[in-house]
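K.L.:
Each protein sequence line maps, in turn, to chains A and B.
For what it's worth, the working numbering labels the leading residue of the first sequence as 9, then goes sequentially.
For what it's worth, the working numbering labels the leading residue of the second sequence as 588, then goes sequentially.
These aren't lab readings, by the way, just hints derived from the structure by calculation.
Treat each hint with caution, since some may be false.
[Stated by the list, open to error] Residues from chain B shown here face chain A by an in silico Cβ test under 8 Å; the list is partial: (1) E623; (2) D678; (3) H682; (4) G686.
[To be verified] Restricting the straight-line Cα-Cα distance to at most 25 Å, the calculated cross-link-like pairs of lysine-lysine (BS3-like) are: (5) A/K873 - A/K903; (6) A/K718 - A/K735; (7) B/K619 - A/K638; (8) A/K169 - A/K477; (9) A/K753 - A/K690; (10) A/K850 - A/K875; (11) A/K802 - A/K873; (12) B/K619 - A/K285; (13) A/K266 - B/K714.
Even glycine gets a Cβ: it sits at the ideal position worked out from N, Cα and C.
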Amino acid sequence: MRGGFMKLTRVTESGGQYPNPALMDGLQTGVSRRGFITAAGMGVGLAAMGPSLVKEAKAATDTGGNPRKLNQIKTICGNCAVGCGFIAEVENDTWVSIEPWFEHPINQGSLCSKGSAAREHVISEKRLKSPMKLDGGKWKRISWDTAMSEITAKLQDIRKKHGPDALMILGSAHHNNETSYALRKFAAFWGSNNIDHQARICHSTTVAGIANTWGYGAMTNSMNDIRNSQCVFIIGENVCTSHPIAMQHILTAKEENKAQIIVADPRFTQTAAFANKFVQFRSGTDVALIYGLINVILENGWEDKSMINDRTYGFSDLKEELKRYDLETVSDITGVPVADIVHSARLMAENRPGTLIWAMGGTQHANGTSNTRSYAALQLVLGNMGKPGGGCNIFRGHDNVQGATDLGVLSNTLPGYYGLGVNTAYKHWSNVWGVEHNWIKSRFKDEKIMGKKGFTVARWYEGVLMDTKELGQDVNVHAAFYWGHSCNSQSQMDRIKTALDKVELLVDIDPFVTTTSILPDRKDGVYILPAATVYEQAGSVTNSNRDIQWRNQVVKPVWESRKDLDIILDLADRLGFGKEFKKSRNGAWKELPEDITREWNLGMRTIGMTGQTVERMKRQQEWGHAFDLKTKIAEGGPCDGEQWGLPWPCWTDKHPGSHVLYRTSIPVAEGGMGFRARWGPKAPDGRTLLAGKGSAPVDSSLNEGYAEMKNWKTDLTGKVFEDAIAKGLAPYGNGRARFHVWTMKDDPVPKHREPLHSPRPDLITEWVTYDDVKDHYRVPTLFKSLQKKDWVEKYPLILSSGRQVEFEGGGNSERNCWWLVELQPEMYAEIHPRLANNNRIKHGDLIWVESPEDTDTQPSRIKVKAKVTRRVSPDMVYLPFHWGGVMSGKDLSHKYPEGYVPYGIGESANTVTNYGYDRITQMQETKTGLCRIMKA
Amino acid sequence: MATTNITIPARSASGPEGKHAPARMKFYVDTKRCIECGGCEVACKNENNVPPGIARIRVVTVNEGQPGETNVAVPCMHCSNAPCVSVCPVDALFHRADGIVHVNKDTCIGCGYCLYACPFGAPQFPKGSPFGKRGVMDKCTYCAGGPEEAFSATEQELYGSNRIAEGKLPMCASICSTKALVAGDAEEVANVVRARSAARGSAAGSWGWGTAYPNN
């Protein structure tokens with residue numbers, strides 16, 4: 009602890025003494041908002057201010073004026089995935105104010121604009137107050153009972169006519185773990201894999217890329233752990249805008265460790281302003297840039313040889329591919345001068361351990377999976393994996409996108425990444441659900457479709473629009489549920505609109521009226537149901553770095569809104585499987601949501617979401633002050649030795665959690681582990697996949713590579729875990745990270761591939777994209793046939809999209825909070841002064857941004873204001889993607905129910921983002937497209 | 588790497604007559620840390636019920652999108668020799684004992700002279716008030732309410748919350764994303780600045796290194 013300055017000290021609710029919060033980056037601070045004046049005689053500000061004000065405060069109290077007595081409720085912010093805590097203050101079930109939760113180990117009381125506006129999500133006048141139905145072209149208020157009975161009758165009808173695969177559910181990364189789990193279970197009980205959520209268009213390529221590298225697809229270290237870094241390499245992520253509170257940790261590393269901050273991005277972002285080194289590269293050329301860096305590292309012998317030899321597989325294949333990337337070639341592809349590549353590599357090599365941070369700038373590409381794999385390769389070569397201060401700190405978007413991903417709200421897996429195997433995954437989960445495996449099978453059309461990946465968020469609408477001959481299922485989609493999900497975050501908005509016009513039943517469940525409800529031109533068949541916000545329901549949420557925190561309910565659902573979980577249970581009852589749905593191997597659900605937590609605790613073996621019991625999570629909430637900021641470990645108290653958030657894998661209810669994955673310097677019992685031995689002991693080429701001698705976690709009974717334990721994924725008794733930990737073994741084995749992934753047939757080793765809409769037609773021949781794919785998540789996906797050399801002749805500018813700090817995702821919640829809209833009132837396109845002047849455009853002028861026709865016959869266009877700024881390079885246009893309510897120059901305000909037009913509406917960037925999808929996961933390619941601009 | 592450990596010895600708070608020295612409340616904005624997240628602006632609205640169009644604190648960006656881009660949060664700086672206090676024709680502006688500058692809205696005539704005088708653009712003029720387009724002046728109160736009874740309904744309505752009377756710091760500084768905005772007694776604020784300067788140090792790679800040695 010810093011200081012010895014008694015004057016700065018104050019007394020916390022738990023009796024410990026901490027300095028003034030304003031002073032402290034490196035310190036945990038605590039404050040009891042009220043009560044400290046009487047209890048301890050002084051509090052945070054008073055101690056800081058000196059005694060004169062103590063007297064004044066007392067005087068004020070004496071004269072009769074008293075601060076209101078408010079109920080304080082600790083909760084977790086519902087915006088981004090940093091997982092900040094705050095204290096909500098409530099009077100008569102009304103949320104009246106927010107206090108900083110200074111003792112929260114992740115944010116230490118800090119909140120960005122979104123977090124500070126949390127209360128407005130609840131009190132906004134724009135909250136949807138009752139269920140509504142589109143009837144004869146007019147919005148009509150209806151009761152919940154009418155809405156639910158009409159919707160379920162229609163669903164049954166569609167099921168009878170077309171089967172269960174005619175329904176598509178778009179779930180939400182804002183649902184807590186219990187709701188996410190219940191929604192995935194609901195889809196299984198309904199009998200379809202057509203369920204997906206925002207993770208598809210957020211980090212699906214990260215999960216596919218790095219899970220195939222070392223076993224798990226999640227952020228490997230933690231926000232707090234960045235405090236241990238000597239170098240922070242940030243690529244395709246604007247931390248200041250997307251994860252503001254994480255900057256607290258990054259700036260601490262910069263100030264205290266003299267850590268080198270390197271920002272690689274096509275834009276000079278707000279984060280780049282804090283960098284020691286800024287590398288501006290062409291959007292979509294990440295693999296080439298990373299390979300340039302690796303080549304410099306290898307040429308100079310800076311690689312970590314023992315990591316490569318003992319803990320990786322396929323290095324020689326990587327080296328073979330690297331030959332194509334000499335520095336001149338890399339410089340030509342990326343636009344980065346050779347000297348900058350060399351300098352960056354040197355900074356990373358000389359400052360270890362270093363961490364690598366990425367987000368959607370890296371993932372949203374047709375070769376996004378290759379991008380993420382190349383980042384992982386760089387960290388392996390540098391030997392930065394499995395170390396505090398190192399790792400791949402992959403910043404995820406929404407507050408529970410990691411949790412919703414873990415709990416399988418995805419069309420390609422059941423909870424826990426078990427996949428869709430009818431006799432494996434479905435069998436395991438039937439066992440946990442406490443229902444007959446055959447009964448679950450009977451809910452599906454047949455076993456073939458039961459084991460087949462469903463439609464994705466990115467392209468589900470083709471299920472409505474395309475002929476069934478082209479689809480991977482024999483029926484069209486006739487009903488769609490948008491549940492806490494906005495359609496304007498998905499590209500090809502004009503195609504989506506056509507599908508929304510056509511689908512028989514559209515149900516939109518959200519706290520606000522979203523773009524989805526008002527986009528289609530139709531007279532009926534649309535229902536909007538008011539859901540409670542995250543603050544009106546309790547449950548656990550998993551932040552970006554796998555910390556699982558309990559979020560308390562602040563107030564009861566306002567107006568007529570209902571908790572998402574209640575809506576799911578109501579639907580299950582009305583659809584006739586409510587009884588089975590609430591069954592559980594643990595016994596029928598009684599206490600909700602806690603009994604659902606207990607159910608996923610039982611089934612989530614693969615990733616060790618087994619030791620985070622409700623009781624432990626709630627206890628941690630009370631003991632935030634006991635946790636160290638850098639190690640995340642509690643010192644003393646009832647949580648002694650536990651890591652904050654019990655980050656998975658947390659194998660048993662005695663295990664502390666593992667905030668640094670693949671760390672071998674501590675025993676398994678304390679959170680140590682090697683890479684996951686996920687692909688057997690031997691690769692098809694005969695080389696070993698088990699780690700080398702001496703590379704097991706310390707205190708291991710086998711100090712070498714070993715295979716996974718028998719039945720570790722399905723043993724519900726927990727005995728396998730306990731036995732393994734007792735022997736110092738990780739249940740999933742000790743394997744090697746893979747540079748070479750033989751199941752990815754196109755790219756066993758990542759390759760640079762030009763974007764579908766490349767501004768460099770001269771590079772397309774050598775760095776060509778993939779072949780078209782026929783049945784890709786039940787739809788055909790085009791690659792090569794759309795990669796045309798002449799796009800760039802008419803559309804010479806690179807089109808990219810991203811975030812504004814005040815908003816998130818489709819922005820449907822935040823654009824209904826005027827505090828935020830006041831700061832960011834309108835949509836714009838960022839263009840460089842040179843581009844503006846060459847096109848006779850001035851700052852503030854209205855311009856058209858137009859993109860190529862893609863699969864439709866018409867080009868798409870939006871009319872937005874020009875923001876002339878040097879943040880972008882002269883060859884690009886940058887669009888924030890949170891806007892909706894205007895389409896191709898047309899104001900759609902008149903289509904909202906009366907009184908529900910958001911405070912902020914604007915053109916959706918995704919009307920013009922181009923066609924393009926990742927080869928592996930169908931991630932949309934929104935970060936690299938082409939466009940042209942003209943004055944409107 | 589161990590946490591940098593900096594000790595700043597406590598200074599005696601006793602003055603020559605053995606009395607406690609009065610506090611002098613100050614803001615400090617660490618421009619090496621402000622990330623333009625807008626948290627302070629929204630937190631102020633939430634805490635003080637500030638109407639649309641009024642910005643008691645505003646984040647200003649210098650050289651946006653270019654190397655050297657810097658952000659500064661600008662509230663009322665509660666100047667010790669405050670120009671607004673000097674020029675106010677009706678003495679509506681005044682200093683509290685702890686240095687916080689308050690406006691008395693009952694006295695203020697909304698002339699806007701303080702706006703001419705203030706170097707920071709702190710005075711705000713609500714629209715649509717009985718005083719015509721500009722209304723009486725509103726500004727950052729340092730979350731210390733106003734010259735009404737602490738916690739009274741009138742104080743809440745005219746000035747917002749009174750965190751200082753509750754023994755708490757202003758909301759903007761309390762929730763600042765990166766602890767860039769620092770509030771408290773000037774002596775403590777100075778300690779924060781000292782501690783940070785010591786942590787940042789002067790070795791290679793420290794602040795300003797890139798300016799001195801741009802090609803390294």
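K.L.:
None of the hints should be skipped; say for each whether it holds.
P.N.:
Taking the hints in turn, this is what the structure says about them:
1. E623: holds, 6 Å
2. D678: Where the cut-off is 8 Å and the nearest Cβ of chain A is about 22 Å from B/D678, the hint is violated.
3. H682: violated, 13 Å
4. G686: Constraint on B/G686 not satisfied, violated at 10 Å.
5. A/K873 - A/K903: holds, 23 Å
6. A/K718 - A/K735: holds, 15 Å
7. B/K619 - A/K638: holds, 22 Å
8. A/K169 - A/K477: holds, 18 Å
9. A/K753 - A/K690: holds, 18 Å
10. A/K850 - A/K875: Measuring from Cα to Cα gives roughly 8 Å; hence the hint holds.
11. A/K802 - A/K873: holds, 22 Å
12. B/K619 - A/K285: With a Cα-Cα distance of about 16 Å, the restraint between B/K619 and A/K285 holds, given a limit of 25 Å.
13. A/K266 - B/K714: violated, 48 Å
Hint violations for this structure: numbers 2, 3, 4, 13, all remaining hints satisfied.
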